[in-house]
Amino acid sequence: MSEPLSFQRMILTLHDYWSTRGCLILQPYDMRMGAGTFHPATTLRALGPDSWNAAFVQPCRRPTDGRYGENPNRLQHYYQYQVILKPSPPDLQELYLGSLAAIGIDFTKHDIRFVEDDWESPTLGAWGLGWEVWCDGMEVTQFTYFQQMGGYDCKPVAGELTYGLERLAMYIQNKDSVYDLAFNDAGVTYGDVFLENEREMSKWNFEIADTDALFDLFRKAAAECERSLEAKLPIPAYEQAIEASHIFNLLNARGVISVAERQAYIGRVRDLAKGACAAWIEKKSPEWEAAYPGWTA
Amino acid sequence: MTDFLLELRSEEIPARMQEKAREDLARLFAAELDKAGLKAAETISYATPRRLALILKGLPAETAAVSEETKGPRVGAPPQALEGFLRKTGLTADQLVERDGVLFAVVDKPGRATAEVLAAAIPAVIRAFPWPKSMRWGAPSLSTESPRWVRPLQGIVALFGSDVVPCAIAGVTSGAATVGHRFHHPGVITIGSADDYVEKLRACHVIVDGAERRAIIALGAKMAAQKAGLSLVEDEGLLFENAGLTEWPMPLLGRFDEAFLAVPPEVIQLTARVNQKYFVCRDAAGKLANAFVCVANIDAADGGEKIVAGNQKVLAARLSDARFFYETDLKVPLGEQVAKLEKIVFHEKLGTVADKVQRVAKLAEWLAAEKIVPNCDPALARRAAELAKADLVTGMVCEFPELQGLMGGYYAAAQVEAPAVAAAIRDHYKPVGQGDDVPTDPVTVAVALADKLDTLVAFFFADMPPTGSKDPFALRRAALGVLELLTRNGLRLNLWEGITRGLRGMTDLRVSPETSDEALAAHNAAMESVFTSLPTFFADRLKVQQREAGVRHDLIDAVFALGGEDDLVRLLARVKALQAFVGTEDGANLLAGYKRAANILKKEGVATASAPAEAGAQGSDGLHNPGPLLSQGNGDAGFAYDPEPAEAALAAALDAAEPKATAAIAAEQFEDAMAALAILRAPIDAFFDSVTVNDADPVKRAARLGLLARMRDAVHNVADFAKIEG
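For the protein sequence lines, the chains are B and L, in the order given.
According to our numbering, the first sequence holds residues 37 to 333 in order.
According to our numbering, the second sequence holds residues 1089 to 1814 in order.
Any given hint could be a false lead.
[To be verified] Chain L is nowhere near these chain B residues, computed Cβ spacing over 12 Å in every case:
no., residue
1, Pro158
2, Asp172
3, Gln183
4, Phe219
5, Glu232
6, Glu243
7, Leu269
8, Arg304
9, Asp307
10, Gly311
[To be verified] Some chain L residues judged to face chain B by a derived CB distance under 8 Å, without partners named:
no., residue
11, Pro1102
12, Gly1125
13, Lys1127
14, Leu1333
15, Cys1382
16, Ile1386
17, Asp1390
18, Ala1405
19, Ala1427
20, Lys1428
21, Leu1429
Hints listed in this document are in silico derivations from the structure and should not be mistaken for laboratory results.
The C-beta atom is built at its ideal place from N, Cα and C for all residues, glycine as well.
Could you build all of it, start to finish, from the sequences and the hints given here?
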């Protein structure tokens, strides 16, 4: 095998691969979120009958996964590569495997497996069936056929691929620590870019963040979401649902949400996200029904 | 006769669903064929991650022709009737057949081509397939009516002989083409017929038979371990899972850093098994070795070197996480963790886990202090119960909930708790289900018993008993656990007292001088209801347990019908003695004599003298209903007339047997009680042979009925023989 791809070259290779296969190459959404699925290009676009093919990198924040930069495998901030294809093409698995080959995985020497893993997002009112894809025992991708989003049936079903970029890169570059990854081909490592970030953000997430202010932010985001819904503006409403979800994750990391309260908070976020999805469907339905006779939400 | 081959190829089917899917495919197809009057001589089905296949051998080319006859009007019936019949059958009058003055329509239905039946059956079976979870996909999913499958359906091979059975569903059209192994042979292959299916696929690196894949994994994993001087820890579940994840299984041995062996072996095994589906190995001394066996799905070009390296890295990362949890947990004394249980809700209606711990600790201490669990130090029982749930808040148990108890045991031992306390923390969830080890160490028994009793009392108190198939809090298992703990250890727990003690814990936590009258009334009503419902629940579980242990249900009923028993050990001793007794010739004959006597008494309306039968008659065959277990016969030894010899002999036998049986029962020597009754067998037989009960003299008749009643009631001392069949 030739020189393994650097982190940034791997991303560029995936962009190139999916771009030549008809995907829009989008940029990350400019909000803090726990998973690429929250990107409106996934969530809102999974709804409706029209075709939609897009690929993008989304930074993800998981405050509770922070380890102050001391664990070689766990980060509170990392990147996911998202591909969403609607309707799901018949050769989605082959397309996906082609992308792995493109970034340098040799199927004659590596063991690729599709292991059952049904996906469910209680905060998005969404679920789908699929797999986690294993490469030599390591989960490198979540592969899902969305069945419902925001409580609505996906008509048609979209296929979603979520690559864990750091894991894949560690694999391709054969590194034991995420911080040792070659970010580019000129000697800059992932640690050079993100180690201090992990230290400081872990400390802030776990120890410093003002919980009173966070509770207040949660309430304000929820209220703003509802105001936006009253104004029939699903996109701003959805943004506030994303915001509320992330604030909840921060409160969770600060350990100030009891087990009993937890469900109530998740339920609140789900209601906000569902409300935004419902408003989106309501707004777009006339257009969709006109373009796809017989289609209803 | 022709063979049929069906292959439904899809994206990867979850491993856990494959075996049932294979059976369902065969079953549903057989049902479809049956409707057309077809039956295969032999049915074979296969499942791999990417395909379900069915081979039906020996089908005829056509279904049998049938002649259907429909009865019509009589000859000479009104013309309207005939017209109606002709309209219905679509025949003309000259096509009808006359027999015995009645007209019949005879329609000959020719046989249908079997291929046609199969072509219709394929989509029908696909649409009706009972996947535990199924999905829609692709362009057709624009409608929610689109066909569902477990994952997207990719291809259908349908061959009757060597001819394609044409059908189409979900955008897939049947043919003869399939694909081999995803990486070894991704190209299209053409199947000739059912005959070459298995071998053609094998040539393309697909072993279609799951049993064969399992055998390959079992043997390969064993050999890999042996080659490294180790022995494989066999695991049936992992065999099935790995066979369900591979079409060409290749077991490979990998290693992990020996330093990880400092982590408890159960943790390593669970991490390897649950997260990675690896087998683990033992060394010559039987200890967990720093090796694992993973099962790849390819025969790698480099012999698996890179695959092993990759899997080793993943396991190392997992184990390093586990070690981090373990070491972090060890630093916090369990006594300190207990405080965090106040934040964990046990159930919204029943407070926190901390509340439960408090109740269980009191109950365990009481069980020890009262010597219900003998040789148990009450202070140790209390300590163990107080710490038993502390591991629920440790990092390791949060990560692997199935390690609850076990981790607490490790942490307690490391933190120098008494060995009996550590053992009790470790094992207090036992027995979990049937076949699990039943604790015998006294401290463990006290905590295990207290924990389960408290769970039962608490959920019955909150009026949440299991209903039908729903038992979300595993109360049936808890009750069975109590029964097994009591019987295995021969513990004499008065159930009423146990429940009363358990309820006291609820009262302590819920009732105070400030409690309002209404709240107190509700509390008392809830307590009352536990006394009505929980003993019956125990009785039902006991019956199930005994039935599953092979005891005849009628014998169980016969003992339960006595009522009034609240000591399970005693109750079971009685059942056991009864079972032994009815198996003997004496027992069988006594039963026959009893039945004859009981019939006569019933006909004559002579009521039973003692409580037990009444308790049974009221249907309250639970463990409550306190009442006398031992009844005295109503016999009067003296006769007002000159008795016949057999009469006198029976009276004498009863005089001898009654006190013996009564004394034996009081001493809980149930075999002896049965033996005492056995001497009644010959006298009762002789009595029926030579004495007329229904004598014209009312005095004689009454005395003889009295004798029979004595006999019946004496027998009732050990069990209600009326409930015994045969």
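Return the numbers of the hints above that this structure violates; sort them in rising order.
Violated hints (numbers, rising): 2, 3, 12, 13, 19, 20, 21; every other hint is consistent with the structure.
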